[in-house]
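Here is what each chain is made of, one letter per residue.
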Amino acid sequence: MLHRYTVPLTIFGALALAPLLGFGAGHSLSLLARAMILGLGALGLSVLVGGAGLVSLGHAASFGIGAYAVVMLDAAGITDAGVVFPTSVLAAAVFALLTGAVAIRTAGVNFIMITLAFGQMAFFTAASLSAYGGDDGYTLYARTRLFGTKLLENRWFFHYLLLALLVLAWLAGRRLLASRFGRVLRAARENPLRLQALGFSPYPYQLLAYTLAGALGGLAGALLANATEFVAPSFIAWQRSGDLLFMVILGGLGQLHGAVLGALAFVLLEEYLAELTPHWRLIFGPLLVLVALYLKGGLLGLVQRRG
Amino acid sequence: MVEPLLELRGLTKAFGALKVTQDVSLSVLPGEIHAVIGPNGAGKTTLVHQVSGTLAPDAGSIRFNGRDVTGLPLARRARLGLARSFQITAVLPGFSVLENAALAVQARSGSSFRFWRAAATEAALNEAALGALAQVGLQDRAETLAGDLSHGERRQLELAIALAMQPRLLLLDEPLAGAGPEETERLVGILAGLKARYGILLVEHDMAAVFALADRISVLVYGQVIATGTPGEIRTNRQVRDAYLGEDH
Amino acid sequence: MNTQLLLIQSLNGLQFGVLLFLVAAGLTLVFGVMDFINLAHGVQYMLGAYLGASFAAATGSFWWALLLALPVALLAGLLLEWLVFRHLYARDHLAQVLATFGVILSLNQLVRMVWGSAPLQVPVPALLEGGIQLMPGLTWPTYRAAILLAGLATAGLLWLVVERTRIGALVRAGASNAPMVAALGVDIHRLFMLVFGCGAMLAGFAGVMAAPILSVEPGMGDTVLILAFVVIVIGGIGSVRGAFIAALLVGLIETLGRSLMPDLMRLFLAASPARQTGAALASMLVYVAMAGILAWRPRGLFPVRAG
Numbered sequence: 001m002l003h004r005y006t007v008p009l010t011i012f013g014a015l016a017l018a019p020l021l022g023f024g025a026g027h028s029l030s031l032l033a034r035a036m037i038l039g040l041g042a043l044g045l046s047v048l049v050g051g052a053g054l055v056s057l058g059h060a061a062s063f064g065i066g067a068y069a070v071v072m073l074d075a076a077g078i079t080d081a082g083v084v085f086p087t088s089v090l091a092a093a094v095f096a097l098l099t100g101a102v103a104i105r106t107a108g109v110n111f112i113m114i115t116l117a118f119g120q121m122a123f124f125t126a127a128s129l130s131a132y133g134g135d136d137g138y139t140l141y142a143r144t145r146l147f148g149t150k151l152l153e154n155r156w157f158f159h160y161l162l163l164a165l166l167v168l169a170w171l172a173g174r175r176l177l178a179s180r181f182g183r184v185l186r187a188a189r190e191n192p193l194r195l196q197a198l199g200f201s202p203y204p205y206q207l208l209a210y211t212l213a214g215a216l217g218g219l220a221g222a223l224l225a226n227a228t229e230f231v232a233p234s235f236i237a238w239q240r241s242g243d244l245l246f247m248v249i250l251g252g253l254g255q256l257h258g259a260v261l262g263a264l265a266f267v268l269l270e271e272y273l274a275e276l277t278p279h280w281r282l283i284f285g286p287l288l289v290l291v292a293l294y295l296k297g298g299l300l301g302l303v304q305r306r307g
Numbered sequence: 001m002v003e004p005l006l007e008l009r010g011l012t013k014a015f016g017a018l019k020v021t022q023d024v025s026l027s028v029l030p031g032e033i034h035a036v037i038g039p040n041g042a043g044k045t046t047l048v049h050q051v052s053g054t055l056a057p058d059a060g061s062i063r064f065n066g067r068d069v070t071g072l073p074l075a076r077r078a079r080l081g082l083a084r085s086f087q088i089t090a091v092l093p094g095f096s097v098l099e100n101a102a103l104a105v106q107a108r109s110g111s112s113f114r115f116w117r118a119a120a121t122e123a124a125l126n127e128a129a130l131g132a133l134a135q136v137g138l139q140d141r142a143e144t145l146a147g148d149l150s151h152g153e154r155r156q157l158e159l160a161i162a163l164a165m166q167p168r169l170l171l172l173d174e175p176l177a178g179a180g181p182e183e184t185e186r187l188v189g190i191l192a193g194l195k196a197r198y199g200i201l202l203v204e205h206d207m208a209a210v211f212a213l214a215d216r217i218s219v220l221v222y223g224q225v226i227a228t229g230t231p232g233e234i235r236t237n238r239q240v241r242d243a244y245l246g247e248d249h
Numbered sequence: 001m002n003t004q005l006l007l008i009q010s011l012n013g014l015q016f017g018v019l020l021f022l023v024a025a026g027l028t029l030v031f032g033v034m035d036f037i038n039l040a041h042g043v044q045y046m047l048g049a050y051l052g053a054s055f056a057a058a059t060g061s062f063w064w065a066l067l068l069a070l071p072v073a074l075l076a077g078l079l080l081e082w083l084v085f086r087h088l089y090a091r092d093h094l095a096q097v098l099a100t101f102g103v104i105l106s107l108n109q110l111v112r113m114v115w116g117s118a119p120l121q122v123p124v125p126a127l128l129e130g131g132i133q134l135m136p137g138l139t140w141p142t143y144r145a146a147i148l149l150a151g152l153a154t155a156g157l158l159w160l161v162v163e164r165t166r167i168g169a170l171v172r173a174g175a176s177n178a179p180m181v182a183a184l185g186v187d188i189h190r191l192f193m194l195v196f197g198c199g200a201m202l203a204g205f206a207g208v209m210a211a212p213i214l215s216v217e218p219g220m221g222d223t224v225l226i227l228a229f230v231v232i233v234i235g236g237i238g239s240v241r242g243a244f245i246a247a248l249l250v251g252l253i254e255t256l257g258r259s260l261m262p263d264l265m266r267l268f269l270a271a272s273p274a275r276q277t278g279a280a281l282a283s284m285l286v287y288v289a290m291a292g293i294l295a296w297r298p299r300g301l302f303p304v305r306a307g
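Residue numbers (the numbering used here), protein chains in the order written: chain W, 1 to 307; chain G, 1 to 249; chain Y, 1 to 307.
Misleading hints may appear alongside valid ones.
Quick list of in silico lysine to any residue cross-link-like pairs, SDA-like style, CA-CA up to 20 Å [what the hints assert, rightly or not]:
hint, chain 1, residue 1, chain 2, residue 2
1, W, K150, W, P86
2, W, K150, W, A76
3, G, K19, G, M207
4, G, K19, G, V2
5, G, K195, G, M207
6, G, K195, G, S27
7, W, K296, G, P93
8, W, K296, Y, L281
9, G, K195, G, L213
10, G, K195, G, E7
11, W, K296, W, A265
12, G, K195, G, Q224
13, G, K19, G, Q224
14, W, K150, W, L163
15, G, K195, G, D206
16, W, K296, Y, Y143
17, W, K296, Y, A169
18, W, K296, Y, P123
19, W, K296, Y, A90
20, W, K296, Y, E163
21, G, K19, G, T54
It is worth saying that the hints were derived from the structure and are not from the lab.
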């Protein structure tokens, strides 16, 4: 049995060392940045799916809203991080609160379909915003300014900022799931009727968790906009929500660092396959099917069985 | 005259043309065990659902602790002190035995909108939970996953969870279902120990246990209460013997 | 002029609605009977369209294409069932979502490889060219009318089968309580194969019918799929009647919204912002309607599932 911190420390350690070990070249660094940003969003989704049992198929919407908040503020000439990031987070949280208020009233498969539908709503809305590029997307002239500086343009700074945020989110997520609140969430996943018989209404707990995951997704979206310096409706396409769900499962659902591992594996795999053949999805798709069918416990499960 | 803790008046529930409970009236006094018996399909489970709040009656009222709770959902009734156990055990299999009970304690002590401190380190929750486990003799299994317990132990945990809620009334839905002879003996012992401290509405199949434990018994046949009385009265009641006991004896 | 536009758009909306119904009917029954959420159902619709387009090009006849495409679509559906879906029935919704998502990625890519990324055009069959005169100076394309009629006829037939035959009774019983039907000694798996095959064929039929009026392209099934989800969630999962009413409703809202919203906004706003807000609102309309209906009835308009 591995020590319980061995795997997460290895993952975060590798990410911390990567720029120093020759992965500092432009492309691989931005690849890692993308993986960490997706990992941040996947962490929130992992709390929802693995913790609260809420399988959301619309999580990319929170990314999109966070990213479009950056775009809209940019178009209005506002690029200060002190305004941009809180706005992204808040906007995504409000969207999650409003859509979650409807979605969580239903359960199980209805929840999956409704979150998917709301994600699609965000997608079509973004595509109809012709002032912000419509279908074609919107190119940011510069990254968000941090205290009036262009620090976010510095790849190294950006890399370690992302890593710090990722570690913070991981720690906070762990605390959350272990707390009283998290205990109620986990019980709601295992048996909602039992929870009610104890005197809890699962609804406010689940709604708050959904809102928090949305907020984290909003932050990730704002960071993604900064990483790519470009935002398009394709960020919100429902396939991106499917990708996020896949990352969570690929890494392993039981523990939060599984989401980070899954995001890393996903991004690297996608990159590797895309270099191999333009029809990489023809390999990726069946792989996904196989993971869903046979890789119970995800990559973490594999690692831990070995250990 | 003691004010009853729970009072059902004229509870009626039909599924389509089938009347599952018909004009059921009965009461539970503080500290009393009132058992409901009846053959399969008599409407016992539907009655439990209506009392606990998972099913709304078509007619009739439920008063609990001096308050009309007929329209209140399950969670609200639980917060008022009505604890139910489940016939098909509904412990949380991925939680430890202790955490199962601690969650029940948590429901009654302070807000659960606390996000930072690890709940497992809250001594007050754990102590009360251990107390409840001790009452059913499960304290040595506290760290075991509830999913790994034997059937009888799960039944004990069901009880411990209900006790950890510090309820006024226990609504026990066939707490002995599926238990072997030894387990039954242990569970009956535990239930006897709870007597007088809680009002208990006991819905149970096991006749020997019911006659040993109950202060009063109501007999439910085809959704109707055909008799209510002390175990002695029920045993000698002609109607009951014909309708029900006759089949078994 | 405005009432004429309204009439035409309403008819278009109904026509779109019956197409949606053809896709949603299979989805809702498959879900109702097997508790199986199949994201890849939209793929059936796409396959139908592509097969229709190919056979039409090869034979030069739309009717031959229709006749040939249906059995091939059915076979493709049964093949997918055998390869992937039957391994998922006993699994949780999360695994079903992921695996069928993988199937979508694979098949969208396969379609791209075989037919290319460019949209295909299918000519309207000669028999159904031209328009029907609704009133002096107002015509509606005959082909759209044919779709509407064919859709209504199929819906009627389906209603007869589900409500009036023994198989239909089993399907309805399965949707409200599957374990009960299994307990009655019915081979639930064979029943499901039947339902699944019918569903696949109906979606394929919708695809062939839609081919002449929509562009046939990879991913075309995804949009329809999500609207079909909205339809079955609104209608109540497992309910064919619910799916029918909800499909017409969604078709109308979607079509009327897109054509009328910008005009409606002109009442309050200047031309350019009106077009924008109108377009954005129109893309949200269906989902807002869904949210409204679910807030009112969380289990849809015609819930079937017991308990």
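Cross-check of the supplied hints:
1. W:K150 / W:P86: 18 Å, holds
2. W:K150 / W:A76: 19 Å, holds
3. G:K19 / G:M207: 25 Å, violated
4. G:K19 / G:V2: Measuring from Cα to Cα gives roughly 32 Å; hence the hint is violated.
5. G:K195 / G:M207: 18 Å, holds
6. G:K195 / G:S27: 16 Å, holds
7. W:K296 / G:P93: 18 Å, holds
8. W:K296 / Y:L281: Between K296 (chain W) and L281 (chain Y) the Cα gap is close to 42 Å, so the pair fails against 20 Å, i.e. violated.
9. G:K195 / G:L213: Holds: K195 (chain G) and L213 (chain G) sit about 8 Å apart, inside 20 Å.
10. G:K195 / G:E7: Holds, at roughly 19 Å.
11. W:K296 / W:A265: 16 Å, holds
12. G:K195 / G:Q224: With Cα atoms ~26 Å apart, K195 (chain G) and Q224 (chain G) exceed 20 Å; violated.
13. G:K19 / G:Q224: 9 Å, holds
14. W:K150 / W:L163: 19 Å, holds
15. G:K195 / G:D206: 17 Å, holds
16. W:K296 / Y:Y143: Violated. K296 (chain W) to Y143 (chain Y) sits at ~49 Å, over the 20 Å cutoff.
17. W:K296 / Y:A169: Violated: K296 (chain W) and A169 (chain Y) sit about 37 Å apart, past 20 Å.
18. W:K296 / Y:P123: 48 Å, violated
19. W:K296 / Y:A90: 14 Å, holds
20. W:K296 / Y:E163: 41 Å, violated
21. G:K19 / G:T54: 17 Å, holds
In this structure, the hints that do not hold are numbers 3, 4, 8, 12, 16, 17, 18 and 20, in rising order.
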